[in-house]
Amino acid sequence: MIEKTTPSRILFNILNYSFMIFFSFVCIIPLWHVLMASISDPRGLMAASGVLWKPIGEATLRGYGMVLKNKSIIIGYGNTVFYVVFAAVAGTILTTVSGYLISRKNFRPAKFLTLFIMFTMMFSGGLIPTYMVIKGLGMINTRWAVMLPGVMNAFYIIMMKSSFEQLSDSYEESARLDGAGPVTILFRILLPLVKAGLAVIIMFTIVLQWNSWYPASIYLPRVREYWPLQLFMRELLIQNDTAKIMTGTDAAQAADYTANLVKYCVTIVGTIPILCVYPFAQKYFVTGVTMGGVKG
Amino acid sequence: MKKKVIAMLLAIGMATSLSACGGSEESDTNVNASTDIASSDDSTLSEEEAAAGIDLSENLTISLWQITDDYHGLYTDYAENPVMNWMAEKFNITLELQQPPMGSESEQINLMFGTGDYTDFVSTTYCGGDLGMLYEDDVIRDLAPYLERHMPNYYAYLNAEENKDVKAALYDDEGHLFTIAIVNCEEPYTWGGLMYRKDILETMTEGNIAFPSGEEEPVTIEDWEYMLDLMKTYFEASGMTDTACLILPSTGYFSSGELLAGFGIGGTTYIDEEGNVQCGIASDNMYNYLVKMKEWYEAGYIYQDFASRTQDVFYLPNTALTYGGAAGIWYGFASQLGSTMSLPEYGLNIQMEPLSAPLDTEHGITGEEAGALLYSGRASVNSGWAATTACGEEELIRMMTALDTFYTDEGRLIKQMGLSTAEDAAGNPILQGLGLTEGTRITGTSEWTDKLNNDSSIDKGPLIGLRMPGLSENDKPRAFELADGVDLNEYGSQVWSKYGTDRVLPSGVTDTVTETNYNSTAFTNITDYANSMIPQFITGKAELTEESFQAYVDQMYALGLQEYLDNKAAAYERYLGRMN
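From first to last, the protein sequence lines stand for chains A and B. Residue 166 in this note's numbering sits at position 166 of the first sequence; the count goes up by one each step and never skips. Residue 14 in this note's numbering sits at position 14 of the second sequence; the count goes up by one each step and never skips.
Simulated from the structure, these hints should not be mistaken for lab results. Predicted, not measured: the structure shown is a model, and the values here were computed from it. Among the hints, a few may not be true.
Claimed, not checked - Now the in silico label distances, taken between C-beta atoms and shown as ranges:
#1 G207(B) <-> I74(A): 50 to 58 Å
#2 G540(B) <-> E225(A): 51 to 59 Å
#3 S106(B) <-> F25(A): 34 to 42 Å
#4 I67(B) <-> V85(A): 29 to 37 Å
All C-beta atoms, glycine included, are put in the ideal place defined by N, C-alpha and C.
Please construct the entire structure, taking both the sequences and the accompanying hints into account.
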């Protein structure tokens with residue numbers, strides 16, 4: 001159908017595009033500011049205020065050098081990549097299987113399990129009971145304490161359940177007629193049909209796990225070599241804030257102007273990988289978001 | 001049927017998949033095999049064994065909860081600190097440190113206490129004000145029964161006549177001792193205070209500074225107004241858009257008493273000239289302070305956005321202003337004094353001088369009324385290590401014996417200044433890596449080795465036992481830290497404590513459990529209210545008259561100020577009783 005271009009349509013497009021461009025700027029400007037600050041002269045940066053449109057003084061990578069020289073950042077990167085890959089793979093498999101199971105009409109405990117899972121979305125035991133469970137399972141100061149508790153997300157299970165429920169029963173029936181078992185039906189027939197939702201879950205899992213630092217701060221107090229990147233970054237940021245009040249700080253360090261610079265560099269170092277991955281998953285987001293909205 | 005069974009098995013597998021499938025990589029060392037807690041009069045070591053020295057042949061693993069500092073990349077585990085390492089080797093101890101990430105200390109220690117998963121020893125820095133509550137909750141142990149036998153040096157120090165103040169600060173009213181404390185042998189330096197840019201005054205007067213009082217440094221309110229006016233003119237001429245002649249904290253006052261002291265009052269709680277506990281922000285002279293600050297704010301002397309900077313801790317003001325050369329007076333660190341903040345390549349030649357409180361001579365305030373400021377005292381229960389109830393008897397005795405080393409003269413030097421050749425400094429890998437083969441200290445002296453004394457690229461903080469219990473003294477500066485031969489820490493401290501520290505409520509004043517329960521809530525309510533009203537008075541958002549000020553004071557009393565002060569007075573009386 002060819003849509004007629006009416007004046008109201010043109011006006012709508014102008015307003016719509018303007019708003020979206022404005023909104024994009026609002027999202028991009030803070031990141032641009034941080035990027036410009038991270039390559040600015042540190043002394044000039046200390047005295048700067050307002051949004052930076054270009055680096056202050058002579059552009060320098062000094063801050064990045066300071067951050068990347070820190071061995072902890074390299075260790076943290078390795079750990080975070082490991083945790084992200086585990087969460088993406090194991091979490092996706094478990095979430096998919098769970099969502100499939102509770103979406104089956106002929107699975108008797110489905111309703112009970114769905115309510116059970118949804119209950120966990122609304123209520124939680126709190127920090128101390130959770131810690132005691134993790135401790136009781138012997139996971140304190142091991143990688144499992146960070147990897148296992150958050151590997152499945154109740155919301156994502158419900159999302160997968162909804163995705164599977166939207167598929168026609170005829171897919172499963174015809175596959176069963178052809179002799180396929182449940183595992184084959186799930187992974188070879190149904191899963192390709194819910195790719196969009198799956199991509200959304202994988203992406204959100206990756207982002208969540210990439211930014212995660214809290215479980216490590218609670219469960220890994222004695223094994224810094226297992227800490228993720230974000231926890232080291234957080235410590236670096238706080239160190240630079242408190243370094244000036246530490247006893248024994250030499251007077252010469254009072255003229256250190258790199259505190260702010262390091263904060264900006266750390267932010268970029270921790271954000272760039274996710275920014276690079278996001279565009280590749282974008283098309284799946286569009287499909288996933290509009291999933292169910294277009295029928296036919 | 002078969003498929004249903006498989007589906008059921010899958011469901012069971014999903015439900016149990018969150019169970020641990022890996023063994024614990026570390027055995028649980030938090031709870032020692034011996035959980036037999038000795039009664040207060042029971043210690044397994046006999047007199048003979050104590051006299052002969054304890055048996056060190058068996059290696060003991062002792063866990064310690066310790067806060068994390070900036071170790072400048074030298075190590076990440078505090079057990080690798082050269083002094084800690086030396087102590088552990090000498091007394092055949094394997095130290096297991098539990099160090100929370102920076103910024104998570106309070107959460108971590110609360111979690112540890114809440115779950116009962118204690119380490120053997122815990123740094124008391126984040127234990128909260130009243131260790132008695134932890135003792136009553138069976139978290140920490142009373143060390144008093146063990147002291148004379150297993151820490152004779154510490155015991156002798158506490159019971160010396162000249163150290164009554166330390167003993168009063170560390171023991172509670174029932175004679176319990178919970179902390180193996182860091183004890184200053186002398187009055188500690190104040191590590192920060194108000195300071196001003198003297199270079200601005202030099203520039204504006206072409207070297208002919210003439211304070212109205214006739215003194216060489218600003219002493220009175222009038223001197224400050226002379227100074228602030230010059231700074232304002234300077235900043236206006238500079239063309240900088242965001243400047244501050246004087247930076248106040250977002251609350252409008254320094255809770256430790258800076259500035260307030262010039263008006264004859266302290267911060268939130270202080271001792272007046274009659275020995276009574278008072279609340280500075282609710283006292284009569286607070287009105288004079290508010291009137292003056294309001295006047296200065298309207299004149300443009302005070303940073304116009306001070307009230308919105310709630311994220312600034314009072315001793316870390318807006319760094320864009322202070323380091324950017326756009327501030328005149330602020331609360332800074334001793335390390336910022338002198339010309340250390342200068343950067344000639346940017347045309348910035350800053351000369352920072354310490355400031356004492358401006359005396360409100362108009363209302364008859366002389367130096368005698370001033371004097372309440374931040375002062376931690378020589379010892380505090382919140383500065384040291386406590387033993388938890390998870391610590392076994394052997395571990396307790398071993399660690400106490402080890403730490404007692406640092407309550408001797410030689411041990412003090414080791415803790416304060418690090419290892420020398422006598423302690424085999426060359427054998428320590430961290431010192432070796434820095435080229436400090438002769439150690440950080442010259443053997444038998446309180447002098448730094450040549451290399452450490454002259455090499456500004458080496459930070460001595462991670463190399464000495466700053467965080468360890470024991471005796472300590474004020475930091476001895478290295479050669480390059482002196483400004484024309486002057487120790488800036490000492491110089492700043494002299495100026496900042498110019499009017500004495502007698503008005504400060506001693507750190508050894510501790511509340512009972514009942515008092516703590518009341519005070520913590522009341523104090524929060526009182527200060528939340530005051531911190532909301534004071535900035536409004538100063539900025540003019542709330543009308544400042546004698547009537548409105550009285551209403552403000554009445555509200556604070558309605559929030560429980562009188563009972564709070566009564567509780568503090570009772571605690572102070574008990575402290576004085578312990579002193580005698």
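Hint-by-hint comparison with the structure:
At roughly 53 Å, the beta carbons of G207(B) and I74(A) sit within the given window of 50 to 58 Å. A beta carbon spacing of about 55 Å between G540(B) and E225(A) agrees with the range 51 to 59 Å that was offered as a hint. S106(B) and F25(A) have their C-beta atoms about 39 Å apart, which keeps the hinted 34 to 42 Å range intact. The given range of 29 to 37 Å is respected by I67(B) and V85(A), whose C-beta atoms sit roughly 33 Å from each other.
Hint compliance for this structure: no hint is broken.
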